[in-house]
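Asks: Spelled out, the chains give:
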Amino acid sequence: GAVVSQHPSWVICKSGTSVKIECRSLDFQATTMFWYRQFPKQSLMLMATSNEGSKATYEQGVEKDKFLINHASLTLSTLTVTSAHPEDSSFYICSAKAGRNIQYFGAGTRLSVL
Amino acid sequence: EDQVTQSPEALRLQEGESSSLNCSYTVSGLRGLFWYRQDPGKGPEFLFTLYSAGEEKEKERLKATLTKKESFLHITAPKPEDSATYLCAVQGRLGGSEKLVFGKGTKLTVNP
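These protein sequences, in sequence, are chains A and B. Quick note: the first sequence, position 20, residue 20 per our numbering, numbers continuous. Quick note: the second sequence, position 97, residue 97 per our numbering, numbers continuous.
Just so you know, the hints here were simulated from the structure itself, not pulled from any lab data. No experiment lies behind these values; they were computed from the predicted model shown. Glycine included, every Cβ here is placed at the ideal spot set by N, Cα and C. Heads up, a few of these hints could be off.
To be verified - Derived DSSO-like pairs (lysine-lysine); straight-line CA-CA distance at most 27 angstroms:
id: 1; chain 1: B; residue 1: 107; chain 2: A; residue 2: 20
id: 2; chain 1: A; residue 1: 64; chain 2: B; residue 2: 104
id: 3; chain 1: B; residue 1: 79; chain 2: A; residue 2: 97
id: 4; chain 1: A; residue 1: 66; chain 2: B; residue 2: 104
id: 5; chain 1: B; residue 1: 99; chain 2: A; residue 2: 20
id: 6; chain 1: A; residue 1: 97; chain 2: B; residue 2: 57
id: 7; chain 1: A; residue 1: 55; chain 2: B; residue 2: 107
id: 8; chain 1: A; residue 1: 64; chain 2: B; residue 2: 42
id: 9; chain 1: A; residue 1: 97; chain 2: B; residue 2: 42
id: 10; chain 1: B; residue 1: 63; chain 2: A; residue 2: 14
id: 11; chain 1: A; residue 1: 20; chain 2: B; residue 2: 69
id: 12; chain 1: B; residue 1: 63; chain 2: A; residue 2: 41
id: 13; chain 1: B; residue 1: 69; chain 2: A; residue 2: 66
What the hints assert, rightly or not - Some but not every residue of chain B turned toward chain A, in silico, with C-beta under 7 angstroms:
id: 14; residue: 24
id: 15; residue: 46
id: 16; residue: 72
id: 17; residue: 103
id: 18; residue: 104
id: 19; residue: 107
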């Protein structure tokens with residue numbers, strides 16, 4: 001199956017700093033990638049849809065200036081959490097679309113903001 | 001708004017004890033229903049996609065079925081390695097979005 005790599009798997013940062021998370025499709029090209037957030041015992045919630053070479057589409061209630069998404073190539077999308085605060089602590093997961101509209105997920109990034 | 005409800009929230013089975021997980025959904029025109037498996041601290045692993053009512057798919061001990069209102073994930077003679085959280089998601093046709101709407105999942109524990 002299609003492989004999606006996400007890095008880092010775990011990051012701790014101080015409040016007010018920025019954190020970048022990378023999502024790569026390793027064995028296929030992905031024109032569309034997605035960023036989700038998952039709180040404990042909650043469902044995955046889509047934050048934004050990232051299309052290669054164009055601006056990301058954000059879901060209602062997600063601050064685009066806080067969660068910067070860049071999809072500069074067909075195999076890489078990045079999510080930057082700017083000026084992170086403790087309430088941004090969560091599990092962030094990316095996915096990439098392959099084949100017949102199937103999303104393959106990365107292993108996720110656990111973000112802890114102190 | 002598309003919605004997915006999964007039941008039960010948690011299920012404990014003995015090894016070899018077959019059972020089913022339920023996924024009820026409402027969607028504005030179904031493009032696809034997806035089943036994923038998620039292990040603790042990991043991203044979801046793709047299992048199945050179902051596109052129309054009556055469709056069934058199988059993989060090892062798992063079988064997914066679909067009606068117009070719900071999907072079932074049947075687990076036959078489960079093994080401890082089947083322990084995980086199983087997620088159901090739908091993709092609707094409204095607005096051409098490729099968004100997946102997930103349920104909260106069913107946490108399955110299979111005891112040896």
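Asks: Run the structure past the numbered hints and jot down the numbers of the failing ones, going up.
Replies: Violated hints: 1, 3, 7, 10, 11, 13, 14, 16, 19; rest satisfied.
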